[in-house]
Each structure stands twice: as C-alpha cells, then as structure tokens.
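> Take any residue in the sequence shown, note its place counting from 1, add 70, and you have its number in our numbering.
Don't read these hints as lab results, they were simulated from the structure.
Certain hints may be false.
Capping the alpha-carbon separation at 27 Å, the derived lysine-lysine pairs in BS3-like fashion look like this [what the hints assert, rightly or not]: (1) Lys238 x Lys132; (2) Lys238 x Lys152; (3) Lys227 x Lys283; (4) Lys238 x Lys286; (5) Lys227 x Lys238; (6) Lys133 x Lys227; (7) Lys282 x Lys227; (8) Lys227 x Lys152; (9) Lys133 x Lys283; (10) Lys133 x Lys152.
With beta-carbon atoms standing in for the labels, derived distance ranges [as the list claims (entries may be wrong)]: (11) Tyr332 x Asn215: 16 to 22 Å; (12) Trp328 x Asn215: 20 to 26 Å; (13) Asp158 x Pro293: 16 to 22 Å; (14) Ala116 x Trp328: 19 to 25 Å; (15) Lys286 x Cys88: 46 to 52 Å; (16) Thr154 x Glu268: 38 to 44 Å; (17) Glu176 x Leu82: 25 to 31 Å; (18) Thr147 x Ala78: 49 to 55 Å; (19) Gln308 x Thr90: 18 to 24 Å; (20) Ile285 x Trp328: 33 to 39 Å; (21) Thr304 x Arg334: 41 to 47 Å; (22) Cys71 x Asn129: 18 to 24 Å; (23) Asn130 x Lys152: 33 to 39 Å.
Each residue gets a CB set at the ideal place from its N, CA and C atoms; glycine is no exception.
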Amino acid sequence: CDISEYTALTSLPDIMDCETIIHLAAQAGVRHSLDAPFVYAQSNLAGHLSLLELARHSNNLKKFVYASSSSVYGANTTAPFKETDTVDAPVSLYAATKRSDELISEAYSRLFGIEQIGLRFFTVYGPRGRPDMAYWIFTEQLYANQPVTLFNDGNLKRDFTYIDDIAKGVIAVATGEFKRKREILHNIYNIGNNRPVELMAFLELLEKATGKKAIKDFAPMQPGDVYETCADITAISQDYGFAPLTSLEEGIPAFVDWFESYRR
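Please build the complete structure, drawing on both the sequences and the hints.
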C-alpha cells in the first residue's frame, strides 16, 4: 500500500507486531522535486509521519531505521560532511523533506521513546538502480551514441557508494548492537564510501566498461545541485563496523553487466 495512507498501512496483517522497521520508501531525486513538489510532500513527509505513528502504536517495536540523504548538507562546503555539521541550508525541496523527516523523528523519539537510526545515504549506485541517476543516464547515452550532458562543465565530485555495501550497512544497523554507551534514542549516521570521485573520472570508467567513447555536452550547474559530496563515516564504522569494500573499478562494470542483461 501507499505508506502515507495510515489506515491502509496499519491494517496490513501482523504489522503492529513487528520488532524492527526499516523505512526506505520515499520520492527520491533532487531535480524532480522542482517539478513535483506535492509528490515529495506526500511521500516523504506524510509517509514518514505515517510510519512513525505506526511505530508509536506498535506492540513490540524495538528499533526504527530510516533513510535520510546526503542532500541535507545542502550548501555546506566543508568536506568531508560530518553528522555534527549544521544542516539548515537545503538547496532543494527533496533535501528539505529529508531534513524535516530527521526533525520529526527526533520529536517522536523524545515524546514516545522510540529508538531510531537515520542513515544519510551518499549517491548509491549499482544493479537495479534508479533510471534518473547520472550513472544510468550516462550508460544509456553511451550505448545510444548520444551526447552525455555534464553539468557544471563536468566539475563535480560525488561519494559513489555501491548498493551491496549500503545493504550490508543497513542490515548491520538494524540488527546490530550499539558499541558505545547510548545517551540518546535518535542517532543519525552518514553511510557512504568516503572517497569522492570526479565526474570526469567516473565517466571514463563507464566508457571503459561499455567500450563506448562519450560525446561530451558541457552544461551549467543545475538548480538544487551541489559541487561535492563526501561522507565522514567514522561514527557508523565505530558503532556498527561499517566498512565499504567495493571500489568504482569493481562497481561500475558490475552495473554495466547488469544493465546490458536488463536491456536485452
């Protein structure tokens, strides 16, 4: 069901008896939020609130894990991004909804004693990914011999994180025990690769994996975009042993292999 429809959500069989909630549902993407703001409000705000209400009234809930985003760092120019950084300058509606989710979660933890962990994902890529993301679009354009649009003239850096590493991190947080003395019920962690890569170098890896040469179309910076993302993962590494293992040199060919099979 649609998670924002609270009555439908809570009527699902046995859902009020779950011990752990892993909430990854959302309307994602920075640029699309400029065109469909109400969709973001419904999915990301009403949907998050709906699941927190479910958590509040659950019978056996022990932990609530949810997806935030590196986009909350907005106009922050100091890398790597740390969880203690100020995040009150979002540059997109998507980022604003994700930061709002964090604040709502903080209130629910304080009011109702719900143990929560928010995960700020950093540019997740890999098989079965999102067709609106750059790595997917670039791959389609390469195979179609179409120009590859590079915003900010290609002068961007992203902390690309492979999906398998992200999945292992989510499971570790959802099932593991906190390794330090817990002082608060609501904790937020960066979950990323901690190794930002220049967009041009990223494109070169895609060229190598596809065997295609890019026709480069340089374009200006887009509204809502940021120059660089980079995750400080010290906290999640210390508390849950998170350690990303997949390099872009491994992850990009794995995605391209899947993409070719998917297109066939």
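> What hints, given by number in increasing order, does this structure fail?
Numbers 4, 6, 9, 14, 16, 18, 20, in rising order.
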